[in-house]
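Novice: Read off the chains here:
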Amino acid sequence: MTQIETQGTQQMTDSQAPAVEVRNLAKHYGDFVALQNVNVSIGAGEYFVLLGPSGGGKTTLLRTIGGFQKPTHGEVLLHGRSVGHLPPDKRPTSMVFQAYALFPHMSVEQNVGYGLKVAGLPRAQVAEKVAAALEQVGLTPFAARRPHELSGGQQQRVQLARAIVLDRDILLLDEPLAALDAQLRKDMCLELKHLQEKVGITFIHVTHNQEEAMTVADRIALIANGELVEFGRARDIYRAPEKTFTASFVGENNVLKGRVAEAAGSEIIVDVAGSRLQVDKRGLAVSDGQEVTLSIRSECVALDRVNGAETPADGFSITGAYDESVYLGLTTSHLVHLPDGTEMVSREIADSDERLPEAGSRVRLSWKPSDIRLHVE
Amino acid sequence: MNDYDNPWLHRLKWAYLLFVVLTLMTPVLYVMYVSFNANGFGANEYVFTLEWYGLIFSDELLIGALRWTLMLAVVVTVITVPMALLAAKHYKSAGNKIFPVFLLLAPLFVPPDILGSALLVSFKNLNIAFIWLGDQLGTAMFDGWFRLSFLTATIGLIIYTIPYSFVVILITMGRYRPEQTEAARACGANGWRAFWDIEFPQIRAGVFSACAFTVILVFNEYTRTSLLKGGFDTFTTVLISQMLNTGMSPQSYAMSAMVSFVAIAVIGSIILFTMIRAESLSRVARAKAAPVGS
Amino acid sequence: MAVQSTETVGGARPVDRTTPPWRERLVPWVFRAPLIFMVIFFALPMAMTVVFSVFERTMFWMEPGFTLFSYENFFFSARLTNFLNSMKYSLISVAICFVFGFPIAVFVRKSIPQVAQHRVVLLFILPFMVSEIIRVFALRPVLQRNGLVNTTLMDLGIIDEPITALLYTHTGVVIGEVLSFLPFIVFSGFLAMEAVPKYIFEVCDDLGVGPWRRFKDVILPLAAPGIFAGSVFIFVNGLGVALLPNILGGAGAVNAGLIATQAITALDFPLAMAVSAIMMATLMTLLWIGHRLFDLTKILTPLS
Chain A
18 MTQIETQGTQ QMTDSQAPAV EVRNLAKHYG DFVALQNVNV SIGAGEYFVL LGPSGGGKTT
78 LLRTIGGFQK PTHGEVLLHG RSVGHLPPDK RPTSMVFQAY ALFPHMSVEQ NVGYGLKVAG
138 LPRAQVAEKV AAALEQVGLT PFAARRPHEL SGGQQQRVQL ARAIVLDRDI LLLDEPLAAL
198 DAQLRKDMCL ELKHLQEKVG ITFIHVTHNQ EEAMTVADRI ALIANGELVE FGRARDIYRA
258 PEKTFTASFV GENNVLKGRV AEAAGSEIIV DVAGSRLQVD KRGLAVSDGQ EVTLSIRSEC
318 VALDRVNGAE TPADGFSITG AYDESVYLGL TTSHLVHLPD GTEMVSREIA DSDERLPEAG
378 SRVRLSWKPS DIRLHVE
Chain B
255 MNDYDNPWLH RLKWAYLLFV VLTLMTPVLY VMYVSFNANG FGANEYVFTL EWYGLIFSDE
315 LLIGALRWTL MLAVVVTVIT VPMALLAAKH YKSAGNKIFP VFLLLAPLFV PPDILGSALL
375 VSFKNLNIAF IWLGDQLGTA MFDGWFRLSF LTATIGLIIY TIPYSFVVIL ITMGRYRPEQ
435 TEAARACGAN GWRAFWDIEF PQIRAGVFSA CAFTVILVFN EYTRTSLLKG GFDTFTTVLI
495 SQMLNTGMSP QSYAMSAMVS FVAIAVIGSI ILFTMIRAES LSRVARAKAA PVGS
Chain C
3 MAVQSTETVG GARPVDRTTP PWRERLVPWV FRAPLIFMVI FFALPMAMTV VFSVFERTMF
63 WMEPGFTLFS YENFFFSARL TNFLNSMKYS LISVAICFVF GFPIAVFVRK SIPQVAQHRV
123 VLLFILPFMV SEIIRVFALR PVLQRNGLVN TTLMDLGIID EPITALLYTH TGVVIGEVLS
183 FLPFIVFSGF LAMEAVPKYI FEVCDDLGVG PWRRFKDVIL PLAAPGIFAG SVFIFVNGLG
243 VALLPNILGG AGAVNAGLIA TQAITALDFP LAMAVSAIMM ATLMTLLWIG HRLFDLTKIL
303 TPLS
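If you read the sequences in order, they're chains A, B and C. So the first sequence is residues 18 to 394, counted in my numbering. So the second sequence is residues 255 to 548, counted in my numbering. So the third sequence is residues 3 to 306, counted in my numbering.
The reader is advised that the hints may include incorrect statements.
[Unchecked claim] Not the full set, but computed from the structure, chain A residues with beta-carbon under 10 Å of chain B:
id, residue
1, PRO105
2, THR110
3, VAL113
4, ALA116
5, ALA118
6, HIS122
7, ALA136
8, PRO139
9, GLN142
10, GLN176
11, ARG179
12, LEU183
13, PHE333
Read the hints as simulated data drawn from the structure, not as lab findings. Using N, Cα and C, we set each Cβ at its ideal position, and we do this for glycine too.
All chains should be modelled from the sequences, with the hints used to inform the complete structure.
Specialist: So this is what it looks like as structure tokens:
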């Protein structure tokens, strides 16, 4: 790939400057703080997902990178160049919107070719590139249609084609699949992932759907309440969350509040609802009596009946009262409450015809030592 | 209409609606009726003729007035509609919407004679102030800027017509999705180009309707024009002076009938245009209703 | 540019081609230009009426000074009686317009398909295709002693004697006002009904709420801002449109607009300004009351 040094289009080969770097970014709307103190760096060719609850600020971050909003503080660097003063049309980014962003008075072909037309490319070349882009998203037979003659999924594909045809090296996707139904969303997720692998440019994808995020992402950043909570590889975010919020938002974690009973050593003891649970300290600074949280994924929690005799406490189990079960098809969730009222869930692959415990009967929840995690914030 | 509604009641309501429209139209229809009478207004005998339409162009006074009116209508439209467009764009992005909307809609609520009088006195004072300013500076440059003239009438009519244009354009803009402008920006178009390529084609109907409204309003306005005009006559001022003196000439009836024919044709085509639009919109609705699948 | 574009269109955009700062700063002012125009040529002249109204009258013009003579002239003469009278008849017109016009707006919103609604409302602008003054003038042959209404009613045997009260009376003015302004209650009612979602009618049917209670308890409160705006429009225009009493009214049918234009013709400019100032005060008071009662900004919801 040819390098055009001055234009900030260093492609994936350049490891010096990340594709996107956000420094101390903040955005205020009057008194409302939409984003604060966000620092993130996204490498070239990466599929990066901004995940978080609605209203958490992830779209604001994306739109600031795209140049649709000016940051209150901080700066955005694209390929090492500060772009704070540039409007969207002068940035090396293109964008896919949630919905309604196709030009209804133009055909699919004209929609896709619009950016090239604006750039002043000769008509023949426009046609050629448009045809290639439509091919890539599988819409060649629909080139002459108007947007309203397309289904929701097709419309989003047109948006994709319109964005990738520009050959810009950063593609921003703002909840691109939110308007689609569940099955279609799954299919499109994979397609997006494959498309990104094929074109090799940086994708930054905003979503509130964690399954979508896990499907496509190389790395995920979790954003909530205007702050970047945590980021890392998709697998790490799921299996080894650092922060309590991450644990409660990603996956189906049981989050237990407790107080440190013994802080010495690499394994510490935490007092949760009267039980002493053992957990790896992971080098975190904790002291006796400190309030901490523990998390265990619900699929790692096993459920056993307590028949008469108390099993001795081993530090990796807790007893509670059985509430009910929820059959979800693939899995069944068993809901249990601890003596202090905390709700816990044990999830198992469904289809055991075993009789379920009676509501209110005592049950024991246990897990492997490596499955429980300590969080201090 | 609900499936369980009484269809006859529904029809009755429709009939009432059309009856009201017809009642409101009576004077208009009456003017049209008179315009085809060879014996003119108030005659006992009705003889159909197209003679008066042929004679419109022989009435010097009327033709002169028509020329002025057309000029006024064109100038006012050319200024009002872009201004209303700018104002609507500003309104959409404004943080405080009360102030612009109050300023732009208030002229609707100020009766014609009051607006006319207030502007008349203001212009007279402005004129005096400008002449005084010119005297102080030793130049006659400022004399007559705000003497009652074509300019003052234009300003008065812009103020009169801007609320209508503003509302019409704003209503059409309501259907436009701002994401499209952002998408165009993301495609590399600057703000201006995004407006012309993407937004304008979609609000064009509203802009054209605003033009049509403005022309018709200017054409038919009497009070403000007659108070603020300089030494020229417009179509309505000629008609009124005829009415108050000798009675309207049969040509005048023909003329105003013709104006209303043209106007109704314009509105008719707008309705037709929106119908075609509505048709394509309902196609969208059908497409949306269909199960989503790729 | 074009050569590079073969490689990367978007990524290769020159950076330095941004708009110069002065132009960037100018742009918002271009969008504010209409507002500035309106302030200079509309808001200011309307506000200045108060100042000019206390000026001294001269033979052909006025001169700076302070006198309340014009207000005295207005409040301590037959003008006040006429003005109050025109208020009364204007209110009657508002009521009649509402009773006849508002149900149409409800009907259009409730029972006509969404796509056709605007077209039906457009029917009501057809009368405006002819100058108001011609329309009002054309009412004379309709309403006069041997006019269309009287002859029709006599032919039908409903009356024996022609009704003479239809023209050159307050009744005539009210008829004129209703025929001129009724479309506005349809328009404002139509906009106001935007605040009443269509499912409301279904909910009311479901709960067994009758049409009258539905109107009183649901539609009226929701549509109040728009109805109020339409009513103020009609009321103020009833006070201010001179040609209605001028052409259709008889003795004593004099409204504020007519007082103002008569004062202008008589070259009594301070009086004209005093009347204008009083009218503006009336209008502002009404809008202020309406705003306190219903929050008039709600009318704008369909527009934004």
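Novice: Output the indices of the hints that this structure fails to meet, ascending.
Specialist: 8, 9, 13
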